[in-house]
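Letter by letter, the chains look like this.
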Amino acid sequence: MSKGNLYGLLTEFDNVKSLMRAAEQVRAKGFQNWDAHTPFAVHGLDKAMGIRGTRLPWLVLVGGITGLSLATLMQWWMNAVDYKFIISGKPFFGIPANIPVMFEITILLSAFGAFFGMWVLNDLPKWYHPLFTNKRFARVTQDRFFIVIEAKDPQFDRTKTRDFLATLGGLVVEEVNESAED
Amino acid sequence: MNASVNDQLDNTFEDPEQPTELVLGGHDFASITATVADIALERKTPLAWWLAIAFTGGLTGILFLMIGYLFIKGVGVWGLNNPVSWGWAIVNFVFWVGIGHAGTLISAILFLLRQKWRTGINRFAEAMTIFAVMCALIFPGIHVGRVWVVYWLFPIPNYQAMWPNFRSPLLWDVFAVGTYAIVSMLFWYMGMVPDLATFRDRAKGKVQRAIYGVLALGWTGSNRHWHRYEKAYLLLAGLATPLVLSVHSVVSFDFATAQLPGWHTTIFPPYFVAGAVFSGFAMVGTILIPVRHWYGLKSIITLHHLENMNKIILATGSMVGFAYATEFFIAWYGGNPNESFAFVNRAFGPYAWAYWIMVTCNVITPQLFWFKKIRTTIPVMWVMYIFVNIGMWFERFVITVSSLNRDFLPSSWAYYNPTIVDILTFAGSFGLFFTLVLLFIRFAPLVAIAEVKSVMPQADPHAPDPSVDGGAK
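Chains A and B, in that order, are what the protein sequence lines are.
Just so we're aligned, residue 1 is where the first sequence starts under the working numbering, counting upward by one.
Just so we're aligned, residue 1 is where the second sequence starts under the working numbering, counting upward by one.
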């Protein structure tokens with residue numbers, strides 16, 4: 001096992017309380033490239049880990065504004081410019097009759113912003129992850145909680161970090177490699 | 001924990017000082033996962049499932065046969081006449097779209113209102129929403145007559161260099177229902193990704209693991225991901241809330257913007273939305289009760305959940321009943337002879353039988369839910385759901401047909417009868433709906449596993465009990 005292939009170190013917990021306490025300690029140590037992995041969104045963990053707000057709402061706003069402008073332009077150009085026809089004496093372009101479509105397309109593109117924006121910011125889909133090589137990690141989607149410190153963290157030291165993780169009160173501390181082959 | 005102890009607990013009794021137990025049966029995180037995931041991954045497919053899908057698959061076949069026949073012969077195979085030029089196709093469309101409102105109401109509005117009990121039923125209701133909207137979309141698609149130019153509904157350049165008429169409510173419908181279908185699907189899928197990852201990690205076979213693995217998009221449960229995921233969920237809920245209210249409002253514009261007495265009323269949007277939620281919850285209940293029984297989900301979808309649904313049915317059913325009364329009052333108070341004729345004709349004319357079925361099912365039935373005994377007795381509530389389903393179909397029938405059959409010119413009055421093609425097409429749409437529901441039960445996580453875990457007492461890091469057990473074995 002060569003050191004170059006080391007992805008990081010993980011430690012496992014079987015309850016939320018210990019995970020939370022451990023996350024606060026890892027944060028206090030000043031690690032940067034680390035994460036907690038949980039089977040569900042743990043309330044308060046963001047704060048314990050010091051995760052800052054996401055840009056996602058801005059993407060949704062951009063989607064919404066794009067949708068509203070597109071829908072307005074489309075209806076105006078199609079019904080009042082390119083293909084004018086009189087129907088029931090209604091104006092070619094009048095806001096009230098065009099509001100429903102404006103509203104729906106605003107919602108549609110905002111929802112695209114939220115859905116696709118979230119996956120892009122999360123760097124997913126990504127069907128391979130070094131953590132998938134760890135047998136214990138399969139329980140992260142069931143009932144176990146993990147803290148992983150990556151080897152690329154500036155403070156990372158194979159033995160020191162390992163010793164530090166061992167003090168957090170987890171069940172085990174294990175090394176995770178970049179790929180399963182070695 | 002001893003599973004038998006609180007399995008019997010009555011969680012319909014609400015103590016304001018104690019949070020209601022949403023998960024019974026002494027479950028921990030591992031057993032919740034197993035209860036839900038084993039239905040798709042471990043358990044042998046029951047014979048009843050095969051029999052059921054054979055039956056619903058057959059009905060779906062009939063649906064497609066009827067659609068094929070319609071395409072070859074034209075809309076004359078339906079019972080439409082003049083003046084009743086909108087028949088079962090529009091009735092079925094409104095019926096199915098209405099049913100498709102419960103899922104998003106549960107997943108979006110109840111989420112914004114912090115109703116934690118939604119976690120037990122939201123996945124199933126969302127799935128049902130999507131399948132109902134699929135059934136709904138068939139009807140406007142096939143009723144256009146010249147189905148080969150159905151793409152004219154969309155702003156797609158065509159050989160006649162013409163564009164759709166955006167001033168028509170029928171076109172608003174295309175955008176409203178289309179947006180609703182897409183957004184509901186995104187919401188549903190996004191909610192399912194963490195559970196698909198659970199399936200991936202529990203799957204035994206290589207193929208199974210590969211399929212669930214691809215669908216899970218490489219989800220690792222990273223809290224940095226959860227953070228954005230939760231934000232996206234909140235934003236989608238915020239967007240879906242006005243959307244779900246807009247969909248049936250726009251559907252009601254199809255009627256309300258017409259000049260026809262009985263349709264031309266401003267009460268339609270709120271009245272349609274209340275009716276949609278009412279019928280949607282009834283359909284969710286109709287399916288959920290057998291599913292929770294057969295698949296051992298009684299500890300996750302508890303009596304508390306069903307009782308809460310019944311309360312929503314009571315509230316929305318009362319709104320619907322109130323809307324019926326208001327319509328009648330305005331028909332009299334408005335002093336328009338055409339309007340009052342349309343309403344007297346509705347209640348005492350040739351379609352009086354349909355009107356009184358509607359009133360019996362939609363006005364009287366939900367009022368019985370004032371009694372706690374009825375709200376919490378499963379066989380009784382199931383029968384009530386069936387009544388509501390029937391009543392809400394008849395509501396759309398009454399609105400559509402009874403307003404049309406006696407128009408301004410008495411010489412053109414005519415009685416409308418559906419043909420066998422109408423009836424088989426409608427029956428076939430139930431086949432499609434239940435086929436999709438059965439496939440969903442067999443292959444997908446039918447309870448939002450991750451969300452249910454998050455409302456369990458063990459999930460709270462500040463729980464008073466220091467020996468919180470997260471399921472370590």
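Because the hints were derived from the structure by calculation, they are not lab data.
Computed from a predicted structure; not experimentally measured.
Keep in mind that the hints are not guaranteed to be accurate.
With a straight-line Cα cutoff of 25 Å, these simulated PhoX-like cross-link-like pairs (lysine-lysine) come out [as the list claims (entries may be wrong)]:
hint: 1; chain 1: A; residue 1: Lys47; chain 2: B; residue 2: Lys204
hint: 2; chain 1: A; residue 1: Lys135; chain 2: B; residue 2: Lys204
hint: 3; chain 1: B; residue 1: Lys204; chain 2: B; residue 2: Lys372
hint: 4; chain 1: A; residue 1: Lys17; chain 2: B; residue 2: Lys44
hint: 5; chain 1: B; residue 1: Lys311; chain 2: B; residue 2: Lys373
hint: 6; chain 1: A; residue 1: Lys135; chain 2: B; residue 2: Lys311
hint: 7; chain 1: A; residue 1: Lys135; chain 2: A; residue 2: Lys47
hint: 8; chain 1: A; residue 1: Lys126; chain 2: B; residue 2: Lys44
hint: 9; chain 1: A; residue 1: Lys152; chain 2: A; residue 2: Lys135
hint: 10; chain 1: B; residue 1: Lys372; chain 2: A; residue 2: Lys126
hint: 11; chain 1: B; residue 1: Lys204; chain 2: B; residue 2: Lys373
hint: 12; chain 1: B; residue 1: Lys298; chain 2: B; residue 2: Lys73
hint: 13; chain 1: B; residue 1: Lys298; chain 2: B; residue 2: Lys206
Residues on chain B that point at chain A, a partial pick, calculated with CB under 10 Å [claimed, not checked]:
hint: 14; residue: Phe199
hint: 15; residue: Gly205
hint: 16; residue: Lys206
hint: 17; residue: Gln208
hint: 18; residue: Thr376
hint: 19; residue: Ile378
hint: 20; residue: Ala459
Here are some chain B residues the structure puts well away from chain A; computed CB gaps all over 12 Å [said to hold, decoys possible]:
hint: 21; residue: Met190
hint: 22; residue: Phe408
hint: 23; residue: Ala414
Note that beta-carbon positions come from the ideal geometry of N, C-alpha and C, so glycine has one too.
Going through the hints against the structure:
1. A:Lys47 - B:Lys204: Violated, at about 37 Å.
2. A:Lys135 - B:Lys204: 14 Å, holds
3. B:Lys204 - B:Lys372: Violated - the C-alpha atoms of B:Lys372 and B:Lys204 are around 45 Å apart, more than 25 Å.
4. A:Lys17 - B:Lys44: 37 Å, violated
5. B:Lys311 - B:Lys373: 13 Å, holds
6. A:Lys135 - B:Lys311: 46 Å, violated
7. A:Lys135 - A:Lys47: Given pair A:Lys135, A:Lys47 is violated - Cα atoms ~29 Å apart, limit 25 Å.
8. A:Lys126 - B:Lys44: 32 Å, violated
9. A:Lys152 - A:Lys135: Holds. A:Lys152 to A:Lys135 sits at ~22 Å (cutoff 25 Å).
10. B:Lys372 - A:Lys126: 50 Å, violated
11. B:Lys204 - B:Lys373: 44 Å, violated
12. B:Lys298 - B:Lys73: 49 Å, violated
13. B:Lys298 - B:Lys206: Distance of about 31 Å is beyond 25 Å: violated.
14. Phe199: 8 Å, holds
15. Gly205: Nearest chain A Cβ about 15 Å off; hint violated.
16. Lys206: With a minimum Cβ separation of about 15 Å from chain A (threshold 10 Å), the hint on B:Lys206 is violated.
17. Gln208: 14 Å, violated
18. Thr376: Hint violated; B:Thr376 Cβ to chain A Cβ min 29 Å, cut 10 Å.
19. Ile378: Violated. Min distance 29 Å.
20. Ala459: Result: holds, 6 Å to nearest chain A Cβ.
21. Met190: 6 Å, violated
22. Phe408: 18 Å, holds
23. Ala414: 26 Å, holds
In the structure shown, a violation is registered for the earlier hints numbered 1, 3, 4, 6, 7, 8, 10, 11, 12, 13, 15, 16, 17, 18, 19, 21, in ascending order.
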